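**Q** One letter stands for each residue in the lines below.
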Amino acid sequence: MSTETVRKLYWDFEKEERWLNEMAERGLSLVSYRWGTYEFEKSEPGEWVYRIQFLDEDARTQKSREYIDFVTETGAERVTTYRQWVYFRRLATQGPFDLFSDLDSRLGHYKRVSTFYGAMTAILSMLMVTVLARIVGIIEEAFGELWGLPIFIVYLVLVLVFFTQTLRLTRRVKALEARRKIEE
Amino acid sequence: MPTATPGPLTETVFYILLALSTPLHGYGVMQRVSELSEGRVSIGPGTLYGAFTSLTEKDWIVPVVGAANDRKKEYVLTDLGRDVVHAELVRLEELLRNGRTIANWSTR
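Chains L and D, in that order, give the protein sequences.
Quick note: the first sequence, position 135, residue 135 per our numbering, numbers continuous.
Quick note: the second sequence, position 23, residue 23 per our numbering, numbers continuous.
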């Protein structure tokens with residue numbers, strides 16, 4: 001079994017999906033994922049089509065598992081899950097693979113992701129203003145003053161990432177809502 | 001007739017209801033709709049799952065009580081669902097009638 005491991009971090013699930021499908025086109029198909037680590041297996045180029053979905057709840061709950069079972073019964077494969085994210089794939093020979101085929105369900109999905117990123121932005125921002133200063137103080141006391149700034153910078157980057165994703169997704173939702181006024 | 005006539009149905013919902021005039025499971029509905037539309041409409045599993053949930057809530061479809069170990073849950077139209085489809089057909093006939101009368105310009 002030849003697997004190849006790639007270390008990468010994606011915040012944008014659509015970019016991630018595009019990348020997974022590019023890899024699949026090249027003959028490397030995702031078989032497993034842990035945070036920051038993607039495991040690929042050699043396959044026929046273009047054999048699989050990948051789709052990523054953000055579920056209503058953690059992938060391990062009963063509701064989520066029922067949904068995942070439903071999707072696999074329609075011919076797709078559950079590749080892996082991560083928290084509320086599920087990675088599906090389907091053989092390219094079965095035709096184009098899309099989880100959502102109308103605007104309403106696509107809108108629903110974008111809104112779920114956008115709400116999540118929005119909440120993360122809000123929570124992290126609030127923590128930044130209240131708790132972070134104290135935590136940095138404690139760490140600086142224990143490990144020295146050099147730690148303060150890097151920690152703060154990493155945290156800020158995190159907040160910015162979530163914020164930009166929220167903005168991007170909100171724009172997507174607005175665009176789809178405009179289309180929805182005319183078509184389905 | 002339902003007390004509150006629903007507005008126009010989406011194409012996806014209309015085709016799902018039509019397909020469920022006979023009991024079918026998820027994949028069966030996807031295939032049937034693709035057949036009926038000659039490949040034009042292909043319903044995604046995410047969309048279909050959501051539709052099954054909402055249509056069951058509205059009591060337009062109902063899960064079929066099948067064999068105990070039957071993993072694939074089947075759905076079928078209810079009487080209310082049939083009424084909704086009929087009302088929709090009346091609406092679509094009106095659209096088609098008017099469309100054919102007015103938009104009879106020749107196709108390029």
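Calculated directly from the structure, the hints in this document are not laboratory data.
Given the structure is predicted, the values throughout are model-derived calculations rather than measurements.
Careful: at least some of the hints might be erroneous.
As the list claims (entries may be wrong) - Partial selection, computed: residues in chain L whose CB lies under 10 Å from chain D:
hint : residue
1    : Gly-36
2    : Tyr-67
3    : Thr-74
4    : Glu-77
5    : Phe-97
6    : Phe-100
Backbone N, C-alpha and C fix where the C-beta goes; we use that ideal spot for every residue, glycine too.
**Q** Work down the list of hints and note, for each, if the structure agrees.
**A** These are the hints, each one checked on the structure:
no., hint, in the structure
1, Gly-36, "violated (26 Å)"
2, Tyr-67, "holds (6 Å)"
3, Thr-74, "holds (5 Å)"
4, Glu-77, "violated (12 Å)"
5, Phe-97, "holds (8 Å)"
6, Phe-100, "holds (5 Å)"
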